[in-house]
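Asker: One-letter residues, chain by chain:
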Amino acid sequence: MLEVTGLRVAYGGIQAVRGITFHVEAGETVALIGANGAGKTSTLKALARLLDAAGGSVRCGGREISALPPHELIAQGIALVPEGRGVFPRMTIVENLLMGAYRRHDAAAVKADIARMFGYFPRLEERAQQLAGTLSGGEQQMLAIGRALMGRPKLLLLDEPSMGLAPLMVQKIFEVIRSVAADGMTVLLVEQNARLALESSRRGYVMESGEITLTGDAADLLANPRVRAAYLGE
Amino acid sequence: MSFLDRLRHSRRAALGATLFLGLLLAALPFLVGNGLGNSWLRILDFALLYIMLALGLNIVVGFAGLLDLGYIAFYAVGAYLYALLASPHFGLHLPVWAIIPAGAALAGFFGILLGAPTLRLRGDYLAIVTLGFGEIVRIFLNNLNAPLNITNGPQGISGIDPIRLGGVSLARPMEFLGFTIPSLHGYYYLFLALALLIVFVTIRLEHSRIGRAWVAIREDEIAAKACGINTRNIKLLAFAMGASFGGVAGGLFAGFQAFVSPESFSLMESIMVLCMVVLGGMGHIPGVILGGILLTVLPEIFRHGAGPVQQMLFGKVLLDPEALRMLLFGLALIVVMLYRPAGLWPSPTRRREFRGDAR
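Chains A and B, in that order, give the protein sequences.
Just so we're aligned: 16 in the numbering used here is position 16 of the first sequence, and the numbers increase by one with no gaps anywhere.
Just so we're aligned: 196 in the numbering used here is position 196 of the second sequence, and the numbers increase by one with no gaps anywhere.
For the record, the hints were derived by calculation from the structure and aren't laboratory data.
Hints may contain errors.
[Claimed, not checked] Here are the in silico distance ranges between beta carbons for each label pair: (1) B:351 to A:152: 33 to 43 Å; (2) B:101 to A:67: 52 to 62 Å; (3) B:326 to A:168: 51 to 61 Å; (4) A:195 to B:200: 52 to 62 Å; (5) A:167 to B:297: 56 to 66 Å; (6) B:16 to A:123: 41 to 51 Å.
Even for Gly, the Cβ is constructed at its ideal location relative to N, Cα and C.
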């Protein structure tokens, strides 16, 4: 599904991502974990074309996407849930979901998908006509995920979905991510909360100062003493 | 249930209100002309021009959230195009139906010219660049009289052709079914028709995919990109659409005044139009129209009223009404912004947000 080869990202002279290679196969959930400043978000931003990569190739479904403009990604089946939620605060929840379907022209199916989103997120249905800006952080995160799914992507890119949320809400968000994945979605999960991310994923990559230093099955990584010491606080 | 709610829920009430409003708008020049005199009729005509400007700027500032402090430049482009193509200055006398659309197109092009280099800018940075753009246009108009005299410099262009519709000049009283319709009335109806057209276009845009994309960009540009919105094109479209309304208003202004000079397009004018949008209710069409009317009419009320009121209170005129006018106007702005921060007539969404209601 997604193949990243030798991806480099630089801010001015500083290399944030130093030629990383990884892949995500169709239907699997892959976690990209690491500490603050390891280059995770830069990687995701480059994938979502919000940043220009300094080098390397990104292929999705066999097609090179590293030179596409960001708004074309959804047409390639890639949807981003931006860091810090990024809902449209002065639109209602339904309007936010409709924006996710901006490039679609099948009104009936869009309506059905909104109902499907409310199935994932019953809390949002209760507040359907409420302004997104008045939602709690967790609800906004749910809405951001729902909006991304409204574009009917094949690959969902999640940037730090647990950031700034109460622990209980983090659990809820990850439940949703797992159920979305169980319905067949391919997910690339960038997360600081290594335990939850790995528990929800099939495979994982560990990033340190711009490089991938460890990779393997999520279960193996969870058992790995280095990961346990550095990221699981043991 | 408020009056507006009743309108929304009853077709008959809505129809009645529309009919009443239509009759009022049709009769307004006669009421104003006979009751208050021709100077107020001119003010009414100007109010319509300012409504067009405010609606144009509202697309950029209110819908797309791009702060533009040089908007009056597009008004200038429309006005000067009319002045150059229909005046003795170049000896050209093109008809109005050719010039106004050309003015809209040229202003739209200037809008893109401003928008293209500023795509990455927002908020205060964008405000400074647009401010500079407005001043550049004004200074160009001021100085394009040498070596080749294009704009006639600070003297401006005079003797501009009045607007003629179907061979009838609006500058002279018209005979119609035995009635004499004064010139200012003719301009009023023309401006009203175009203002209504612009209102219609704006309403349609607001509820279109484009309108939703503008709002999405205003709310969160990265999320808008992630939704598949081509933010570059949609922003440029906002600049171009907003500018083209300004170009139309500018052309009408030139024909109406029969004279244009760079003085009419100062930064103060840009700020005035911005005030109309903000004070009326950013992004809310009825609010912006209200803002346009109030900010055209209020300073004139102060100008005309300040003298007599002082005479009455103190027996003499202590302060020059002209100076007092802007003082009172500034005070009015401050009071409105303190007590109605979302504007006089904000959209229901914004009102909710400012009240902090959950629903």
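Asker: Now tell me if each hint is right for this structure.
Answerer: Verification of the hints:
1. In this structure the hint that residue 351 of chain B and residue 152 of chain A lie 33 to 43 Å apart at CB holds, the actual value being about 35 Å.
2. Hint check: residue 101 of chain B to residue 67 of chain A, Cβ distance near 39 Å, so the stated range 52 to 62 Å is violated.
3. Taking the beta carbon of each, residue 326 of chain B and residue 168 of chain A are about 57 Å apart, inside 51 to 61 Å as hinted.
4. Remark: the range hint 52 to 62 Å for residue 195 of chain A to residue 200 of chain B is upheld by a beta-carbon distance near 58 Å.
5. Judged by the Cβ atoms, the range 56 to 66 Å given for residue 167 of chain A and residue 297 of chain B holds: they are separated by roughly 58 Å.
6. For the pair residue 16 of chain B and residue 123 of chain A, the supplied restraint of 41 to 51 Å holds, since their beta-carbon distance comes to about 43 Å.
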